[in-house]
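Undergrad: Each chain is listed here by its residues.
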Amino acid sequence: MTGTMRVGSKGRLSEAASGYLFVAPALLIVALLALVPILTAMWLSLYRHLPIFGITEFVGLRNYLALWSDQRFWSACATTLYFTGVSVGAELLLGLGIALLLDQPWNAAGKEQTEAERWLRVVMLIPWTVPTVVSARMWEWLYQTDYGLLNHLLMTAGVIEGPVNWLGHPYWALHAAIAMDVWKATPFAALLLLAGLKAIPPDLYRAARVDGASRWSIFRHITLPLLLPVMLVVLAFRTMDAFRVFDAVYVLTGGGPGNSTETLSIYTYDVLFQTLRFGYGSALASVIFAMILMLTAASFIVMRRRLHAVV
Amino acid sequence: MTVPGRIKRAGDLGWRLGRILALGLFVSWALGPLAWQGITSIKSEQELVRLPPLLPETPTATHYRTVTARSGLGREILNSIIVATSATVSAIAVAALCAFALARLPIAGKTTILSLLLGISMFPPVAVISPLYLLVRWLGLRDTLAALILTHTAYALPLAIWVLTVFFRQIPVELYWAARVDGCGPWRALWSVLIPPARPGLAAAALLAFIFSWNEFMFALTLTATDRSRTAPVAIALFPSLHEVPWGDMAAATLVVTAPVIALALAFQRHLLAGLTAGSIKG
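For the record, the sequence lines run as chains Z and C.
Start counting the first sequence at 1; every next residue gets the next number (my numbering).
Start counting the second sequence at 1001; every next residue gets the next number (my numbering).
Hint data in this document are derived by calculation from the structure and do not stem from the laboratory.
Treat the numbers as computed from the prediction; the structure is a model and nothing was measured.
There is no bait here: all hints are sound.
Per label pair, the in silico range of CB-to-CB distance: (1) C/Ala1035 with Z/Leu28: 41 to 49 angstroms; (2) C/Ile1039 with Z/Glu115: 21 to 29 angstroms; (3) Z/Leu204 with C/Thr1226: 55 to 63 angstroms; (4) Z/Trp119 with C/Trp1177: 39 to 47 angstroms; (5) Z/Asp203 with C/Ala1022: 22 to 30 angstroms; (6) Z/Phe58 with C/Thr1112: 32 to 40 angstroms.
Not the full set, but computed from the structure, chain Z residues with beta-carbon under 8 angstroms of chain C: (7) Ser18; (8) Gly19; (9) Ile29; (10) Ile98; (11) Leu101; (12) Leu120; (13) Leu125; (14) Pro127; (15) Leu191; (16) Ala195; (17) Phe246; (18) Leu272; (19) Phe273; (20) Ile292.
Selected chain Z positions facing chain C (Cβ under 10 angstroms, derived; list incomplete): (21) Pro51; (22) Gln104; (23) Trp128; (24) Thr129; (25) Gln144; (26) Gly148; (27) Asn151; (28) Trp183; (29) Thr268; (30) Ile288; (31) Leu293; (32) Leu295.
Cβ atoms here follow ideal geometry from the backbone N, Cα and C, with glycine treated the same way.
Throw the hints in and build the complete structure from the sequences for me.
TA: Shown next, in the form of structure tokens:
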């Protein structure tokens, strides 16, 4: 390879030239399969495009106007926001709790990593590794009305009197989906937060203890402020992920009962591939993209420091 | 800290017991659903529709036999192995070059490139799915493994580049310059000096790419049509259920599909943990 790259008096490609050559394949692939498609979607959103009937007709912004008065779109927006807010909130709080229990930043002893802690970190990897489709099927079985484990446990404990049809009731179905997302993502959040806790210099804790600080004030004045950047990163990642949720809910409830668990991604997918309205579906896709773009911009501001550290 | 020793010890004991209890609860919550799936997969049909008992009285392997004998799932797992392996190899090759340039070579616009990649890793797949579908159909690649390998490579790239950039930057810059002074071009310097110490990073990035591709659902669902190219998650989602879901078979199928990624994650847990944190914290 070096042989073919000989140019210039030094007999080799300059540093910068090979740099551009090395980033080119990655940028080309990303441009072709991510940037061009998103621009195409925006272009398609200006058309009434029904590929099976061979209909392609320019309609300007009419798809977006239709969107504005589309009740199902607004309902999907509300569902997505609720799903994102509740699941990400629960994941952060539970994840923080688990990370703190493991690391015990207020404790003088036990700072070295124990065997038990190593195993717990492995346990945390498992729900994250399970394919989302699999976890949806798994929870569908746990929620099953007649022979599901959840109803059995709750009835044995006397919490409920008769079996509950979790996935057949609009309120419960949405929360069942949230619970599943929390199960899958909390360990991941805890892992990242734990790494963040480990990065806090132990000297700070030692100094605080010498000064006689209580557990709570150590947590409040050392742990929390120093962990905040990591918490924001986890918040940004999880928000983005929950906002575009598709397979988890699609396989668990299919968006039902009614449209009670229909998120924006599911509604868009349905318009595209069930009713085959590619123009209207593309308008929906573009709107989701714009929303994610705004969320991303917000999280870039949050993660600026991280970006600068890498570059 | 004026608490008399004994009271303090008693408080500590309570605290430690509470901690162990809480962590035990967490472990059973994290592993419980999978364990229940395991129990379900070895129950007979009669025991599946009966609770209690929780544990099977006569464990059976019927469901595993049904699932592996079904002509479909074997084919679909093979498809998943081909797609995930090819996508991982191509994504890591392309990402390593790009990450090396971002970490060590003097090119302009590094921040822009990294921001762009981070932005793309947050793309909602549904925003690109219809143009990708049309593109794949136009290329005549619908219902082929190639279509999936291509899209999975592209969408595994951003995270792989990010993780590898972090790892390359941790290798002392002197190593690179020593190789350059000795007369290596950037290419040789990358290949013989930077790649060997970055092996843990490459393993981490490869693992993340593989798990992404193995688990990916929306592209796999849309770009395939038959079990010629369907991957395992699609098979699980479309699992035959005319009247009632065959829960025992389903449990066995989900475990068969999940086992490879869990085995990989456990075998390379150190690398995976390092990769996950490199992707989000260390930077």
